[in-house]
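Take a look at the letters that make up each chain.
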Amino acid sequence: MRDLIRLLRLFAPYRNWMWGGIALSTLTIIANFSLMTLSGWFLTACAVAGVSSYAVQNKFNFFTPAASVRFFATLRVGSRYAERLVTHDATFRLLAALRVWFYTRLEPLAPAALQNIRAADLLSRIVADIDTLNLFYLRVFTPFIVAGISGLLMVLFFGCFSWTAAGVLALGLVLTGLALPLLTLTLGSASSAEVTTLNAALRAEMVDAIQGMGELLSYNAAPALQERADALQERLIARQAGLSVLTGFSSAASGLLGNLTLLGVTIAAMTRVAAGTLAVPDLPMLALGSMAAFEAVIPLPLAFQYLGQMRLAAARIFQLADQEPAITPPATPSPRPGNFDLDLRDVCLRYVDGADWALENLDLHIPQGSRVAIMGRTGAGKTSLINLLLRFNEYQSGTARFGGYDLRDYRGEDMAAYITVVSQRSYLFHTTVRDNLLLAKGDASEGELWHALEVAQLAGFVRAQKLGLDTVVGEAGIRLSGGQARRVAIARAVLRDAPWLILDEPTEGLDPVTERELLRDLAAVLEGKTVLYITHRSSGLELMDRVQTMSEGTIL
Amino acid sequence: MAEGRRTRGALYGSIYLGVAAGLLIIVQAVLLAQVINRVAFRHESVAQVTFLLWLVFGLFFVRAGLSWAAEIVAFRASGRIKTYLRQVLLARILRLGPVHAAGEQSADLAGVMIEGVEALEPYFSRYVPQMALVVAVPLAILTLVFPTDWISGIILLVTGPLVPFFMVYIGYKAEAINQRQWQKLLLLSTHFLDVLQGLTTLKLFGRARDEIQIATQISDDYRKTTMAAMRIAFLTSAALEFFASLAIALVAVLFGARLIHGHITFYPAFLVLLLAPEYFVPLRGLSVHYHARMTAIAAARRIFAILDLPVGEVPAGGAPEFEAIALECAAVECAYAEGPPVLQGMTCRFEAGKITAIVGASGAGKTTLARLLLGFVRPTRGAVTINGAVDLADIPPEAWWQNLAWVPQNPRLFQGSIAANIRLGRPDADLASLREAAAHARALEFIEALPQGFETVIGDLGQGLSGGQIQRIALARAFLKDPQLLILDEATANLDLESEALVLDAIADLTRGRTVILIAHRLALAERADQILVLDEGKVVESGTPEALLAAEGPYRALSRAYYGEVAPCAI
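Respectively, the protein sequence lines represent chains H and U. Quick note on the working numbering: the first sequence kicks off at 1 and runs consecutively. Quick note on the working numbering: the second sequence kicks off at 1001 and runs consecutively.
One or more of the hints may lead you astray.
Unchecked claim - Ranges between beta-carbon positions, derived for each pair:
no. : chain 1 : residue 1 : chain 2 : residue 2 : range
1   : H       : Q424      : U       : E1553     : 33 to 41 angstroms
2   : H       : Q424      : U       : I1218     : 37 to 45 angstroms
3   : U       : V1281     : H       : Q465      : 50 to 58 angstroms
4   : H       : T378      : U       : S1433     : 29 to 37 angstroms
To be verified - Which residues of chain U face chain H? A few of them, derived with a C-beta cut under 10 angstroms, are:
no. : residue
5   : V1158
6   : A1252
7   : P1340
8   : P1411
Keep in mind the hints are simulated off the structure, nothing from the lab. Using N, Cα and C, we set each Cβ at its ideal position, and we do this for glycine too.
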């Protein structure tokens, strides 16, 4: 719950929009309630006047209530329309606010804190979580507040005529709006959880069937999978049927509670009418009012369902956003080095206290202009070396100097300005080729872009596209092959023109022919730069001055 | 929705129950109006109407029971439809084969089978019963109101149909706009995901902070255009509200005027006022569940797009057991869908008990040739013959697959334990044969080093298995099956040196004594084959022993240079 309150605090700048939407929603419900109660009262009052003497008939004010009936009808229409506009507008504003807040919190944490959640499906879950939280205002906060305010107003109105009727109404609203949804959720929680698990299991079987179909068929294992899927589905449908019994009960019971409230209110009012302590027109008024009142609690069962999801989503999001950055940036501006020599002595780095060292007593000297290859197996510490240089992660001991200054004196973004990384993980955004290149140099001219593409041997391909530089990359546009994607990263490096170039397994995942071509074309980019080439294979080593082997966090 | 017919009974049952519950509301209103009329205007005591009150009380429970039953029965119907559709879909997708499953259009087949089929449920369990209510309840109310008071009858008769009318002519279009806008919102989510995935790259280029500005700008622009569209879309709900409120206000005011002059009595007026909101309730429900209809239609479209795809005839009957297998392709032509032929006039022979390597640049047709021999694609011309006697097209694919094992470039590990994965082709294999197969595949050591050994569940492994380990499990699968024919897509290019050595040793063991067709991406392995076929543009351009091909200045030499650069082959 604390997380949700924190969420509301994030939304504070938009509180006018939020309360505006709530006020309009309340007004919509009250307008309908007024329309129904007044119609009932008015009709009966007219009937009472109709059977009375002419004197009474003449004294009866027909026009004010008749006009009010029309007024409330109009108000209902207007406020409903305005309410939907305002609440949706607010929802969009809140979504933008939430994303910006989350991004602002996450940016300093990357990539260290994101290392554990690299996998795309986990990032998708974060995005889905934020989308879920965005509905907090529309689907949870507003319904509860509106039901509370309008329920209270309607009960108070009833109280003006009969406290018994008011009590019955209050009880009916609380049972329908709070007790019943909570009961349903509690009874259904085990089944719901199982439905989620079964759905995931069924999906996994389907994904297996689709992605592994070749092996499945050629090993004649498809019938077995079909049997498993059938069994899963049978269980799923049985669970869902159980849930449908429960939701059916819930909606039937909600209708029943509304009706019983109507009956209770009617009996309470009738007793007073029969005793002569309540005017005749108040009886139909209260009866119709109790029918209209339940509109306020209709969205609550859904709100309770969302509430559960949102608490989980909020907990996950805040847990992620609350992590400590891996590095505290220096208070003073970064030094401006005269050269770009790298000198590491006895450097030790680990990601978690007490864990194994990722870099252990590492000694490495790379003078400006030299080309050094670091070879090692997966897990040898090659990536940690990059994390160290780019100030993604803090080292615990030893001395690290870049251009003669302590590495700790540099801010991460300034180190990034001296070093360009070309790796298999270089990300291609789902936007145009141009935007993907401009990332490296925002003010690059058209000529510079084409030059970079020429060096990266990608110009021909881009020129052949109908939209040229404005061709969209990725799902919405052309798919680039693995080699072409790597060439975009190289073109970025050319545009960037930083003194240092780190090649982080740049040919990983490419077939041998493409690998050779890429390495051949890289030679031109390496000219005049300090190069650190990280690899676990022997290809491309001929481009280097020096080859060093890395193992278990240290240079052999 | 032909499949819907199978469960017609349950669906009708649910509709009848729902309509019965809906009609009882009229009885309920009549009783309630009588109670209030008798107490308020005939000055009866509460005791005198007790019987009626009990009747109303009982009626409430009957109605609740009916609507509960309607819900349960409706799920029965949709549950059956879902089960049936998923079975049919899975069977059809398996029949369409792996080539279709890997295609572009089938990006989200799993989504169609899970969420797509699920989306049909609200249509059957909510929208269809609601449609019945929309017809039955307002008609019944009108039948009662007209004899009671024709003026109110006309008001309801005129306003009621206007609601669906407006929903059709504004609402449906507006709803479509609405949906499109929400879709775009989802695209915004995709953009956000894009930025998160590329966050490290953005930081490396010092551009991470700029993204905040861009994201805010995009969201804001999007909000403005969406709200402009929604201003129209929300008119639907306003129209519904307008007619419902107007009708009630009109009924009240017109009755008031006639009541005050004693032209009419209280009871009919109050009854009509009680019924007027109920008249609009089903219409309101229809607009709520309309969304269910839209999603269901979209889902049904995707489902039937799959079910309507043509599948070829599959030959029936058994197939001969083959002692040894030799394969022959005679002038085979192969094409995907409407595309140009990928194999054109492919003629080649794969000797029994020999290793034949297939090499060629990417796009030369290596993968298609493997698919052809596996029976995943059928030749558009020419034929593949087994042992010079049996046409591959004449035997059922299941029977053909009994004879072979296939190890693809990126082997798939399935949900379940490592043991279950190795047992894929022989589910009844005992532990001893399992260990033997794993040992041959050089996988035994690392599997037994895992805490749960063979029972380790794939996916529960924190770091997952390395590429080399996955390949060795796939090889163990093939060892366990012990086939006559082995089709192997070699992919050692991205393994580190140690893994690569183990995989190559395992492959060498596995190929012994079988007919082997080896799709070679690197030449190191191809050079150990008995025969090499060089493919280019869907044809065999050169064939022979490795020694002969290296000696000849042909396409193989050219390819070899591209692989190794100018360096001699022994340098790798």
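The hints, checked one at a time:
A C-beta distance of roughly 36 angstroms is found between H:Q424 and U:E1553, which places it inside the suggested range of 33 to 41 angstroms. Checked against the hint of 37 to 45 angstroms, the pair H:Q424 and U:I1218 fails, with Cβ atoms roughly 29 angstroms apart. Checked against the given bound of 50 to 58 angstroms, the beta carbons of U:V1281 and H:Q465, roughly 57 angstroms apart, stay inside it. Between H:T378 and U:S1433 the beta carbon distance is about 32 angstroms. The supplied range of 29 to 37 angstroms therefore holds.
Using the Cβ-Cβ criterion of 10 angstroms, the hint placing U:V1158 at the interface with chain H is not satisfied: the shortest such distance is roughly 16 angstroms. A hinted interface residue such as U:A1252 counts as satisfied when its beta carbon comes closer than 10 angstroms to some beta carbon of chain H; here the least separation is about 4 angstroms, so the hint holds. Taking 10 angstroms as the C-beta contact cut-off toward chain H, the hint placing U:P1340 at the interface is violated, the least distance being around 19 angstroms. Hint status for U:P1411: holds, given a least beta-carbon distance of 7 angstroms to chain H, under 10 angstroms.
Violated hints for the displayed structure, listed by number in ascending order: 2, 5, 7.
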